[in-house]
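Asker: As a plain string of letters, each chain reads:
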Amino acid sequence: MKVLVAVKRVVDYNVKVRPKSDGSGPDLNNVKMSINPFCEIAVEEAVRLKEKGVVTEIVAVSLGEKSSQEQIRTALALGADRGILVETDAELQPLAIAKLLKAVVDKEQPQLVILGKQAIDGDNNQTGQMLAALAGMGQGTFASEVVVEGESVSVTREIDGGLQTVKLGLPAVVTTDLRLNEPRYASLPNIMKAKKKPLDTLTPDELGVDVAPRVKTLKVEPPAERKAGIKVESVAELVEKLKNEAKVIS
Amino acid sequence: MSILVIAEHDNAEINGATLSTVAAAQAIGGDVVVLVAGEGCGAAAEAAGKIAGVSKVLQADNAAYGHQLAENLAELVAEIGKDYGHILAAATTTGKNFMPRVAALLDVAQISEIISVESEDTFKRPIYAGNVIATVQSSDAIKVLTVRATAFDGVAAEGGSAAVEAVDIAKDAGQSEFVKEEIAKSDRPDLTAAGVVISGGRGMQNGDNFEMLYKVADKLGAAVGASRAAVDAGFVPNDMQVGQTGKIVAPDLYIAVGISGAIQHLAGMKDSKVIVAINKDEDAPIFQVADYGLVADLFDAVPELDAAL
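Order-wise, the sequence lines are chains A and B.
All letters in the first sequence, in the order written, are residues 1 to 250 by the numbering used here.
All letters in the second sequence, in the order written, are residues 1001 to 1309 by the numbering used here.
Worth flagging that the hints you see were computed from the coordinates, not collected in a lab.
Do not rely on the hints blindly, as some may be mistaken.
Negatives, chain A to chain B, calculated, CB over 12 Å [to be verified]:
| id | residue |
| --- | --- |
| 1 | G64 |
| 2 | E108 |
| 3 | L188 |
| 4 | T201 |
| 5 | L202 |
| 6 | P204 |
| 7 | D205 |
| 8 | E225 |
Derived DSBU-like pairs: lysine-lysine, alpha-carbon spacing no greater than 35 Å straight-line [as the list claims (entries may be wrong)]:
| id | chain 1 | residue 1 | chain 2 | residue 2 |
| --- | --- | --- | --- | --- |
| 9 | A | K20 | A | K193 |
| 10 | A | K227 | B | K1215 |
| 11 | A | K32 | B | K1171 |
| 12 | B | K1180 | B | K1056 |
Ideal Cβ placement from N, Cα and C applies to all residues, glycine included.
One chain only, chain A, in its complex shape (with noise of 0.2 Å):
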């Protein structure tokens, strides 16, 4: 079967991004740009099923500016066979990702679909959700264990009180949480042979998907800053400043 991943360029997790000083927006000049942790993971999880026989191909694709090809290329040497970027400079919001998202689907007819549950810049953990409602599929979100059995999949998920498992029919959509695997590191060779493999370029338009954003960032602001704290000397004066410094246990 043929499995979609989808893949997000994002500013590095490493990174401890700032508003700029005007508050436009986060200041992303000169900052080192990575495939999301989340859709490492969900590239990891496709090439395992590959490598299982379950899978026989991995589509990855990407939405965004020209450079997201990098990523692309990042899920090619990972073992994605081909690759697909939605090239656009506009600003994408979650809800037209995903009908980006669902017009490739209808194009690729995936029998899966894996993303990350979320990306490290927006936090958002909406697009698999969004894809799923509309595409008309079943979806296992936080996923730390997926096990496809004929035409269904069962998809363990990590949710508040521990976890939960959900039977889906086939075509699916998973997102991955931190457990599900450890993504490998690509070797050059493969580094190599990834520059080889195919990736086609679409646009929205010839996708015919409005991307138009339904929610404007008025400003961007730094949170509340901690002050400053002490150092202690011992338990004994830390249980002391809590008694009757800070007052929290008595």
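Once you have looked at the hints, place chain B on chain A.
Answerer: Here is chain B on its own, set in the frame of chain A:
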């Protein structure tokens, strides 16, 4: 226009995060209607009617909603919600699961994890692991919002007397079925609702050593959490993870033990009132947000703390 709040519940009781969601709805202003969708959820619906400031409770009682499957719940909420100006749910794993589906079915955006209400269409929410706070304005006719419970003081669970109205809408999308749940049982308070949280990180070295934290927790009436590193290493289960993509907590006292303080962990706890860090590395970033830092080996300090309490 009225505001629809989707209650989170276990068919018997209303989850505390729902009280914070009602508070956010009241900040928007308007009649607050609470939807309780479940199976055999009469007790929960009755409890919802007692929440202060709620004007009406809708009870959708059907096997299709028994396990809060997103596919079924979203169709129900979209059907009912199309007549409302706002649809709100707590940003728990349940709310995060079905609400974007509701938004897509209604062809509107969702605004995730709001931390303040600026006006009926403008909200603040954290992005980039909470390092940037964005003020965003929706242009959609229906605002679909998830609410970060720690940012809103919950309304009183008692004091209201709203009528419960049955809703006879059965939506079974037929796309998913519930198989099983493994819910951690604990006598300790819920992590997201506890007044005191003590969390362990990679420095704990293994799961057995968390016993030390449990002992301290029991003396303080605290919940026990963990950093991603401790969960990934298999020391403790996933439901204990505090952080950007795990649970968001804001207790009166947060004690971080053997946690270095990665950006992603700080995103889940830096709104705590008082933060204590115990770490043997004096350069650990956790000390930059700690009110009280103790540079010490946790294997000496935690037993000492246990004895001192």
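Asker: None of the hints should be skipped; say for each whether it holds.
Answerer: Hints, verified against the model:
1. The claim that A:G64 lies off the interface holds: its Cβ sits roughly 17 Å from the closest Cβ of chain B, which is beyond the 12 Å cut-off.
2. At roughly 19 Å, the least C-beta separation between A:E108 and chain B is larger than 12 Å, which holds for a residue marked as non-interface.
3. No Cβ of chain B approaches the Cβ of A:L188 within 12 Å, the least distance being about 27 Å, so the stated non-interface status holds.
4. The claim that A:T201 lies off the interface holds: its Cβ sits roughly 26 Å from the closest Cβ of chain B, which is beyond the 12 Å cut-off.
5. Annotated as non-interface, A:L202 keeps its C-beta farther than 12 Å from every C-beta of chain B; the closest such distance is 21 Å.
6. Consistency note on A:P204: stated as away from chain B, and its beta-carbon is indeed over 12 Å from all of that chain's, at 16 Å minimum.
7. Distance check for A:D205 against chain B: the nearest CB is about 19 Å away, which clears 12 Å, and the non-interface claim stands.
8. Non-interface status of A:E225 relative to chain B is broken: a Cβ of that chain comes within 12 Å, the nearest being about 9 Å off.
9. For the given pair, A:K20 sits about 39 Å from A:K193 by alpha-carbon distance, which is inconsistent with the 35 Å threshold.
10. For the hint pairing A:K227 with B:K1215, the CA-to-CA distance comes to about 30 Å; that is within 35 Å, so the pair holds.
11. Of the pairs offered as hints, the one joining A:K32 and B:K1171 is violated, with about 46 Å between alpha carbons and a cut-off of 35 Å exceeded.
12. This hinted pair checks out: B:K1180 and B:K1056 have alpha carbons roughly 33 Å apart, not beyond 35 Å.
When each numbered hint is compared with the structure, violations occur for hints 8, 9, 11.
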